[in-house]
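Chain by chain, the residues:
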Amino acid sequence: METRDLISFTPKNVMVIDQKKQFDLLFLPKNVQKFTPILRILRDGPLTLKELEYKYNAIADEPKKKNTIYSYVQDLEEAGYVTKAGQRISPGHTFCEWLYDRTAKLFYPVIVSDEYFKSKEASAALEKTRELLSLYLEQPAPDFNKLKDVVFRTNQQAQRVVGDVFSKHSDEIAEITKDLSFRQLDKICNVLEMLMVVLHFQDKSGDLLGELGIGVKT
Amino acid sequence: MNTKEFLDEKYTVKPLQILDDESLITLLDDPKYAPIMRILREKPFTIKEIRARYNAKRKKPKEEVTIRQHIKILEDSGLIVKAGQSITEGKIAAENLYGRSARFYFPVILSESFWESDENQFITEKVLQILNFVETKNKPTIESLRKLLHSIYSKTELEIAQVFEKFEEEISESLSDSPFNEIRHIANFMMLLVLLTNSSIYKTDLEDNFY
Numbered sequence: 001m002e003t004r005d006l007i008s009f010t011p012k013n014v015m016v017i018d019q020k021k022q023f024d025l026l027f028l029p030k031n032v033q034k035f036t037p038i039l040r041i042l043r044d045g046p047l048t049l050k051e052l053e054y055k056y057n058a059i060a061d062e063p064k065k066k067n068t069i070y071s072y073v074q075d076l077e078e079a080g081y082v083t084k085a086g087q088r089i090s091p092g093h094t095f096c097e098w099l100y101d102r103t104a105k106l107f108y109p110v111i112v113s114d115e116y117f118k119s120k121e122a123s124a125a126l127e128k129t130r131e132l133l134s135l136y137l138e139q140p141a142p143d144f145n146k147l148k149d150v151v152f153r154t155n156q157q158a159q160r161v162v163g164d165v166f167s168k169h170s171d172e173i174a175e176i177t178k179d180l181s182f183r184q185l186d187k188i189c190n191v192l193e194m195l196m197v198v199l200h201f202q203d204k205s206g207d208l209l210g211e212l213g214i215g216v217k218t
Numbered sequence: 219m220n221t222k223e224f225l226d227e228k229y230t231v232k233p234l235q236i237l238d239d240e241s242l243i244t245l246l247d248d249p250k251y252a253p254i255m256r257i258l259r260e261k262p263f264t265i266k267e268i269r270a271r272y273n274a275k276r277k278k279p280k281e282e283v284t285i286r287q288h289i290k291i292l293e294d295s296g297l298i299v300k301a302g303q304s305i306t307e308g309k310i311a312a313e314n315l316y317g318r319s320a321r322f323y324f325p326v327i328l329s330e331s332f333w334e335s336d337e338n339q340f341i342t343e344k345v346l347q348i349l350n351f352v353e354t355k356n357k358p359t360i361e362s363l364r365k366l367l368h369s370i371y372s373k374t375e376l377e378i379a380q381v382f383e384k385f386e387e388e389i390s391e392s393l394s395d396s397p398f399n400e401i402r403h404i405a406n407f408m409m410l411l412v413l414l415t416n417s418s419i420y421k422t423d424l425e426d427n428f429y
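If you read the protein sequences in the order shown, they are chains A and B. Counted the way the working numbering counts, the first sequence spans residues 1 to 218. Counted the way the working numbering counts, the second sequence spans residues 219 to 429.
Just so you know, these hints were derived from the structure itself, not from any lab. Glycine included, every Cβ here is placed at the ideal spot set by N, Cα and C. Just to be clear, a hint being listed does not mean it is correct.
[Stated by the list, open to error] Computed footprint of chain A on chain B, listed as stretches where at least three residues anywhere in the stretch have a Cβ under 8 Å from a Cβ of chain A: (1) 366–372; (2) 403–412.
[Unchecked claim] Label-pair distances were calculated between CB atoms; the ranges are: (3) A:Asn67 x B:Thr354: 48 to 54 Å; (4) B:Asn356 x A:Asp207: 23 to 29 Å; (5) B:Thr354 x A:Arg153: 54 to 60 Å; (6) A:Asn57 x B:Glu343: 39 to 45 Å; (7) A:Asp179 x B:Asn350: 40 to 46 Å; (8) A:Ser167 x B:Glu223: 55 to 61 Å; (9) A:Asn67 x B:Thr284: 24 to 30 Å; (10) A:Lys146 x B:Asn273: 20 to 26 Å; (11) B:Lys290 x A:Glu77: 56 to 62 Å; (12) B:Lys290 x A:Gln184: 28 to 34 Å; (13) B:Glu223 x A:Asp203: 54 to 60 Å; (14) A:Ser119 x B:Ser241: 24 to 30 Å.
Given these sequences and hints, build the entire structure.
In structure tokens:
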């Protein structure tokens, strides 16, 4: 039986995530497993809830019931990541199914709170980074909290600059990035961030390292 | 039943393997394969043993044929290798033992090979177009931007790789329990910190470009 789709929404290219609630929903480690499969599945275009359930359970570690997936979709919709993009109708039926889609091809997170750095995963990673850094510099490891602070601030600053450009020039950015794959968009964001780090911190790197109590390598 | 394991003499676990191939990074991130890599941290196992451990925490157990397929894919990618045989008394058929190729894997974001690809040209062009919206004194040309990016990424990652080579044992000890996701964060943090401590890596290129 042939179904018909009425699509009334086109996703944006880039959406900057700078609200704490929005950021936490998608990027805190405890939420990653829940929501990212849905957004990943929707990369290929709008889907009904039934299709979402089927594809979710094909890739997720733990199978989920339709109601659970529906509640995830609602959470994502409320946070602005997912939207009703259209309707699907089957011949002979008088009611439609909603089609869900991502609101943007890329969600660019700007860290607005240090909540993320309080997570277990980030703390463990930072702790190991301390050890590596100490080996690298052949100096005692910097204080954990100071390191956290410096990493947080530099990341935040770089992301803010990139995020600002994306928000202020969203039309131009959409045009520039229109044919890019998800992976390419990801790479470009990464490159831009690193560039912003070196641009903004190159003359301040001495101060930052001073905070950490480590010397600049010559 | 008496079972004995024989590890191949030439099977060695590298303390560390640097991953610059994106498809391998994707494999390690994949929830289908990650548990297998985790299980093999302990020691090499047979497919049956891997399957029992894989299914221990799952609501919906996976068939042996599925696990076999997963292992085939990991083996083809070189992340796991045949490590030896397990022989059971009185049985003619032996089973292969599978082990990890390295104790841990460290991802690099834009590897040396990336800079030789066509994609590099394309990505650099897009970055240059977006940079037009960032206020800087001068605008770089595509050639000079590429040179700058190359020094930022390749040289930084080279620095990190050298630390790993030098302190292979210590680092492998410290990171061997970390899930791959955590190692990705560490890779990002290290990249940032190495950049901060090494402004000499990119200073000249940066000044030629933007100031």
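### Task
Report holds or violated for chain A covering the segment 403–412 of chain B, Cβ cut-off 8 Å, minimum 3 residues.
holds (count 8)
Check: At the C-beta level, are Thr354 of chain B and Arg153 of chain A separated by a distance inside 54 to 60 Å?
Finding: Given about 21 Å between the Cβ atoms, the range is violated.
- Cβ-Cβ distance between Ser119 of chain A and Ser241 of chain B: within 24 to 30 Å? This hint holds: roughly 28 Å between Cβ atoms.
#### Entry: Cβ distance range 56 to 62 Å for Lys290 of chain B and Glu77 of chain A, holds or violated
violated (39 Å)
- May I ask you to test the hint 23 to 29 Å on the CB atoms belonging to Asn356 of chain B and Asp207 of chain A? Between Asn356 of chain B and Asp207 of chain A, where Cβ atoms are some 25 Å apart, the hint holds.
Honestly, do Ser167 of chain A and Glu223 of chain B meet the 55 to 61 Å range at C-beta? holds (59 Å)
message = Holds or violated: the 40 to 46 Å window for the beta-carbon distance between Asp179 of chain A and Asn350 of chain B?
response = violated (19 Å)
(message) For the segment 366–372 of chain B, count the residues whose Cβ lies under 8 Å from any Cβ of chain A; is that count three or more?
(response) holds (count 4)
Take the C-beta atom of Glu223 of chain B and the C-beta atom of Asp203 of chain A, compute their distance, and say whether it sits inside 54 to 60 Å. holds (59 Å)
Quiz item: Does the Cβ distance between Asn57 of chain A and Glu343 of chain B fall inside 39 to 45 Å?
Solution: Since the Cβ atoms of Asn57 of chain A and Glu343 of chain B sit about 40 Å apart, the hinted range of 39 to 45 Å holds.
For the hint 28 to 34 Å, verify it against the beta carbon of Lys290 of chain B and that of Gln184 of chain A. holds (29 Å)
- When you take the CB atoms of Lys146 of chain A and Asn273 of chain B, is the distance between them in 20 to 26 Å? At 45 Å between Cβs, range violated.
Violated hints, in rising order: 5, 7, 10 and 11; the structure is consistent with all others.
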